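Sequences and hints are given; from them, build the entire structure.
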Amino acid sequence: MNAENSANQLERIRQAQGIEACRRQFLMMEKGKPKSTVRILNDAGLRFATLFVLRPDIVQLDLFHELNERNRIALRFCDKVLPEKTLADVSGIPLAINNEAYYASLFWILRTGAPDDGLSEAFDRVLDVSATILIKKCCEKMVLPIAAELIFKRNQKGTYYHDLVWAFFSSRDVYALRLIAERLRSNNPKDTALACQLLSLPRDTPLGTRMERQTQYSRYLSWLKENNPYLYFTGESLMQTNCPTPCGVNLEAKYLCKKVSPRKKEPVSALSDSEQSCLNQFKDTEENEKAVLASYSNSLHSENPSNWNQWIQYPIEKQLEIAKMGRRDFA
Amino acid sequence: MIIVNGTAVTPESLLAEYPEDSVEQKILRKLAAGDTHFSYPSMDQLKFELRLRKEIIAASYELNRSGLGFEVFRETRCNPTYWKRLWDGGFALNDGANPAAAIADIFHNGSQYGTECATAMMIVYYGALLKVYGEALFNKTFPKIDLMNWHRIDRLLWEVGNMQRRDVYLPGDRRYFNNPDVNLLTPEWQGENTIDLGNGMFYGHGVGIYKAEAIIQELNKNRVPNADESAALLDSAGRPDFIKLGNIYLRGGS
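Going down the list, the sequences are from chains C and D.
Every letter in the first sequence is one number past the one before it in the numbering used here, and letter 204, counting from 1, is 204.
Every letter in the second sequence is one number past the one before it in the numbering used here, and letter 137, counting from 1, is 1137.
No lab work stands behind these hints: they were computed from the structure.
Note that the structure is predicted; figures quoted are calculated from it, not measured.
Just so it is clear, CB atoms sit at the ideal spot from N, CA and C, and this is done for glycine as well.
Some hints here could point you the wrong way.
[Said to hold, decoys possible] Distance condition first, Cα-Cα at most 30 Å in a straight line; then the derived BS3-like pairs of lysine-lysine: (1) Lys85/C with Lys1221/D; (2) Lys1211/D with Lys264/C; (3) Lys324/C with Lys283/C; (4) Lys137/C with Lys1221/D; (5) Lys1026/D with Lys1047/D; (6) Lys1084/D with Lys153/C; (7) Lys153/C with Lys1026/D; (8) Lys290/C with Lys259/C; (9) Lys1221/D with Lys264/C.
[Claimed, not checked] Rough simulated footprint, nothing fancy, chain D against chain C, three-plus residues with beta-carbon under 8 Å: (10) 131-141; (11) 210-217.
The following block contains the structure:
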């Protein structure tokens, strides 16, 4: 049996009978069989929530140094994040950050802590900060589905999720957008409303029926596919505005079919003289014309690069005329 | 350029109605300068905006002096006589509580409250509207109040939460200082919501009243080690729909 799936006694009691029962059992076990109690704490099947609620008892019984590395890091991390410093009097090496064990422990906190979200404000804060560090510092992709799940769960419960949304989009990863888009298909109106807001879709987007939700989801994915190379993340947050736009499309880059950096908005490679000259013409067009040109350019480039090479060299007026008619063959 | 009822007006006659170097005069000069059109259906509407902006600034100074504590949303606190703390850290007006008295209580008993900068901005706007509308009209207009940030916001104040790029920034605008390289352990420093006080100073709850440079400096102190991006004042502002709020005032709530 996988150690993580083994029935951990303390885990079972906390989940079935609550925190106080778990603490009582822990103290009783520690009196009788101290070694096996520490083994249970260090067991792979222990969830972060159980370690978290036993923090005062672990310190009181002077067990900190008997814990494994995962648990020691987790408890030091809690001390760093929370105002109350449980380990202030515990000697030992301070938390070493930015190493593999640190990130592994943070991922354990988040992965096994997420099902117990809402345990307390302090617990939720530890989850948020661990998610933020994993997303922003280690660009850990596996964190995003867990964070998305937490965001929507908290939205349904009415608890605080804005910092988590901020961390989530700071991944600057298109995968984050896909995960939110998934929720457009949810049967729960709270999920679809939040997904709409986070994807910056119009508030009146029709999502009433299953078919409408599926249509909006497919439409969003198509949009994402078309614009993926030209997307940049804005960094706008829910703390800043009620209509955050997580990402935008660099139309100039789309027109030139140049991939952009999601963080800096600028094309990843420098523009050639001819590209710069095309861009100068493009910049003088109206906003709605820019969108038409960029969309046509991107589509033609992927279908027929040789025709695109010809089209991009035409004067901008002719480019626009062809784009508006949607012609593919203009030789 | 100021347009009233379709006609361009010069600010001279209006300027004389306000004390020298007053907030209203400063706003009028900004509205009149440049090519941007600021249109009002009537002179009363223009005067309402001037009054409300002045009260937004006054409320900012008052809230800064109130002793209102700074707390992250997870640890907010409020006076239970008037408010119920919600699970997301916001406050909801108690059933049967007097809205005007509840808002005034935050200004008078600030130390009983603790919250983040976004909620403080909403308190400033409600405080200013209370001054302009008076208790009766305020209570009639806002029988239910939720204080959090821009996501549980009264429809009459929705525009305060909606940041837009503006040609001209005016005293009383809500501005945002962004801190992209914030220390990950303290996400509450990811940015600072502020009110532009019109004299080069900004009010941000938790920071205080300072020039933009000082607020940026404070945010920069709370960045990750080796951060490469400075905090900055964003080129956008939130401002209430003064015409909508003015219509309520001018109709006297009828």
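Output the indices of the hints that this structure fails to meet, ascending.
7, 11
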